[in-house]
Amino acid sequence: MLSQDFDTSEFDYLNAGNFAQAEQQPQSKTTEITNIERFWNLTGNWGEFGSYFGAGLSASLVVRAIPALIPSAVILIPASALGLGLYALSADGPSKVRSQLILIAVATALLAGNWDAWQAWILANSQLLILSFALIVITLVFVGTQVWSKLSNVNQ
Amino acid sequence: MLINKNQVIVSGLLALGIAGFGVATALQFNDRIEYRIGNRIESNPAWLVPPKAEFKSLERGYGGLKILLALLGTGGMVAVMLIARSEGQQEPIRQKIKGYQNQAYEFSHAAESAYQMAKTQMEYKKLLEADEVAFEGEIETAYCESLGIDPNQQQPALTGTATLDSATNPSSKVNDAPVSAIEPNKYAYIKGFVSSTCLCWGNQGGGKSWFVRHLVCEKLKLGYRVIVFDPNSNQASWEGVELYNSYAEIERMMRWYVDEVMERYTEFCASTFTEEDWRKQLWEQGKAISIICEEATTYADFIEDGELLVKFVKVANTLSRKQEMPVTFVTHNNTQTCFGNIKGLGNVIARMQQIELIPTTDKNSPTAQPIASGKAFIKTDGSDKWVEVETPKIESKITDFRGFQGQKKQPISISEKPSGTVGNVPAQDTINAGNPDETPTVDLEALLTNVLTEVSPPVFSSDFAPLEHSERVQLARLVIAQNLGKEKTILLLWGARPGGRNHAMYTEARAMLERLIKGEE
Chain W
6 MLSQDFDTSE FDYLNAGNFA QAEQQPQSKT TEITNIERFW NLTGNWGEFG SYFGAGLSAS
66 LVVRAIPALI PSAVILIPAS ALGLGLYALS ADGPSKVRSQ LILIAVATAL LAGNWDAWQA
126 WILANSQLLI LSFALIVITL VFVGTQVWSK LSNVNQ
Chain B
82 MLINKNQVIV SGLLALGIAG FGVATALQFN DRIEYRIGNR IESNPAWLVP PKAEFKSLER
142 GYGGLKILLA LLGTGGMVAV MLIARSEGQQ EPIRQKIKGY QNQAYEFSHA AESAYQMAKT
202 QMEYKKLLEA DEVAFEGEIE TAYCESLGID PNQQQPALTG TATLDSATNP SSKVNDAPVS
262 AIEPNKYAYI KGFVSSTCLC WGNQGGGKSW FVRHLVCEKL KLGYRVIVFD PNSNQASWEG
322 VELYNSYAEI ERMMRWYVDE VMERYTEFCA STFTEEDWRK QLWEQGKAIS IICEEATTYA
382 DFIEDGELLV KFVKVANTLS RKQEMPVTFV THNNTQTCFG NIKGLGNVIA RMQQIELIPT
442 TDKNSPTAQP IASGKAFIKT DGSDKWVEVE TPKIESKITD FRGFQGQKKQ PISISEKPSG
502 TVGNVPAQDT INAGNPDETP TVDLEALLTN VLTEVSPPVF SSDFAPLEHS ERVQLARLVI
562 AQNLGKEKTI LLLWGARPGG RNHAMYTEAR AMLERLIKGE E
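Line by line, the protein sequences are chains W and B.
Counted the way my numbering counts, the first sequence spans residues 6 to 161.
Counted the way my numbering counts, the second sequence spans residues 82 to 602.
Heads up, a few of these hints could be off.
[Unchecked claim] Computed from the model, here is a short list of chain W residues facing chain B with C-beta under 7 Å:
id	residue
1	R43
2	W45
3	N46
4	G49
5	G52
6	E53
7	L66
8	A70
9	P72
10	P76
11	A78
12	T113
13	A117
14	D121
15	A125
16	A129
[Said to hold, decoys possible] The list that follows gives simulated cross-link-like pairs (lysine to any residue, SDA-like), each with its CA atoms no further than 20 Å apart:
id	chain 1	residue 1	chain 2	residue 2
17	B	K86	W	E42
18	B	K137	W	A125
19	B	K179	W	T39
20	B	K177	W	T39
21	B	K267	B	S454
22	B	K86	W	T39
23	B	K569	B	F545
24	B	K179	W	E42
25	B	K567	B	S542
26	B	K86	W	N40
27	B	K177	W	A125
28	B	K206	B	F216
29	B	K395	B	Q563
30	B	K179	W	N40
31	B	K478	B	S542
[To be verified] Cβ-to-Cβ under 10 Å is the rule here; a few derived chain B residues that face chain W:
id	residue
32	G156
33	A191
34	I384
Please keep in mind that the hints were generated in silico from the structure rather than gathered at the bench.
Using N, Cα and C, we set each Cβ at its ideal position, and we do this for glycine too.
Required output: the full structure, derived from the provided sequences and hints.
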């Protein structure tokens, strides 16, 4: 059939289609990260972790060097940790990650940087610690057994 | 691969920070006492030593060093964090700049390639033309030999559009005078200034007037009718040529010139002549007219109709060649100021064929007057290249041109009417004014100039000046007669370009152009 034989009288050219269909659609461009960008991200993150770690370590060592600060540190450090922990639970996105990072970095610094103090403390309180540990274990075993037996009865 | 020197700094600081923290962590803070209790030897801080223990030695603690290293490590880590974050923000911008630089380099490479290609093409074209000339020379030699003429013998000068055929038939246009004594090759460039519109410029004493007078001789020898506009002269200085030495007359003649050129175009468009035949006919009818505009820089100050001056210069530059009406302008420079700083002429002047006469100082004169150095620079039409040439040596200023006139009398009306002005100058009322009915009601030449210079919208657009259809067609034919190529002509007439969404319009315009060329309306 030739084109002139085709009846175009009722064909609505103006509304036949959408020009955008034939044109190039906008495509979401995936951002390519180069190696140098990866390097800066990695070093930036480790630098941030190191900053928090160093701050915690320095602060704890300064407190140990000046025993007069110990009472305030004993109150402030757990209070700050509790506040930051709650914030980490409620926050979203980068703030959550950052608060978790601070908690981990400072906790690591307090534990690792003062290993000698912790060691001495454990030695000094070894009997109390062993008793506490035994109590915790006994309690957990007892509670666990009770719960397990109750749940087993329900099933029967 | 190391790209940025900050990478080294950051890496170093990070390593030092980690090492500092490692050492600060490993060392013990407090002094410890080594003691013996029973059989065991232990070490503990003083407060954990049992009272019964036997002191053995003291282990020093490193609290101060630990604090120092911890603080230094912290500083290093903060520096690492700040530098890395800053570099991380700048890096995408650097990548973008690098991309642009690559693009620029590629573009520059492409442009260089295009330039080299164009250059090669030009060289090839030149070689081709040279080849053609050599081939024509061979044909001419063979033809002369077949006629029994020695091809090396000096031939009579050919005038006008004389052909080789007419040279063998001396009854038509043969000037028996030998070719000028000037060496032909050395001054061959002058031929280009004889039959084309050109600008002759230079400082005082450069020899402009003398050179132009030499040009007038050449023009007269060739058969041109020469009309001189020289406001600072009299007939005694221009014996044998038509002189107009008042600004009123010059203005009137300018108007006549513009009208004459446009009228010729109208006639040409209405005729069935080819361009070659048309020009041949102009020569045969003695309508080859050349205008010399001396002191053209002063025209703008004294000629009242500024638009006429602009139109005159534009018509002389763009439309005169096909109608055999070249104009030679004599000015003091080649900038827009050479025509009185009239706007809109800058591009026209820049593209003109030009000769710059170079003056030197007369060492024999006590006042060190400037005189012609015999050197000049020429630039051909549309080119930007200046070439140094020698000007002909002329012993004295030529004032009598009667001996140079061609044999054929110019039968054009303006010269044969009696005149009331200087010498044999015609009066204005005899110029193109015999029949007022012939004067077009619409100033087509002005419109044509506007269309060609793209000042006005396309001829067939609704924005164009209100014209009858027949007038538009007439104007369109004038545009077609310019031989600008179909694409350019369609752009000027309909404003359509090939390709794109308006291609259909272009196709339609092309069909209409074909019809116009065939003579349909």
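The hints, checked one at a time:
no. : hint            : verdict
1   : R43             : violated (10 Å)
2   : W45             : holds (4 Å)
3   : N46             : holds (6 Å)
4   : G49             : holds (4 Å)
5   : G52             : holds (3 Å)
6   : E53             : holds (5 Å)
7   : L66             : holds (5 Å)
8   : A70             : holds (6 Å)
9   : P72             : violated (11 Å)
10  : P76             : violated (17 Å)
11  : A78             : violated (15 Å)
12  : T113            : violated (10 Å)
13  : A117            : holds (5 Å)
14  : D121            : holds (4 Å)
15  : A125            : holds (5 Å)
16  : A129            : holds (6 Å)
17  : B:K86 - W:E42   : holds (14 Å)
18  : B:K137 - W:A125 : holds (19 Å)
19  : B:K179 - W:T39  : holds (13 Å)
20  : B:K177 - W:T39  : holds (12 Å)
21  : B:K267 - B:S454 : holds (16 Å)
22  : B:K86 - W:T39   : holds (17 Å)
23  : B:K569 - B:F545 : holds (17 Å)
24  : B:K179 - W:E42  : holds (15 Å)
25  : B:K567 - B:S542 : holds (17 Å)
26  : B:K86 - W:N40   : holds (15 Å)
27  : B:K177 - W:A125 : violated (58 Å)
28  : B:K206 - B:F216 : holds (15 Å)
29  : B:K395 - B:Q563 : holds (14 Å)
30  : B:K179 - W:N40  : holds (15 Å)
31  : B:K478 - B:S542 : violated (54 Å)
32  : G156            : holds (8 Å)
33  : A191            : violated (24 Å)
34  : I384            : violated (57 Å)
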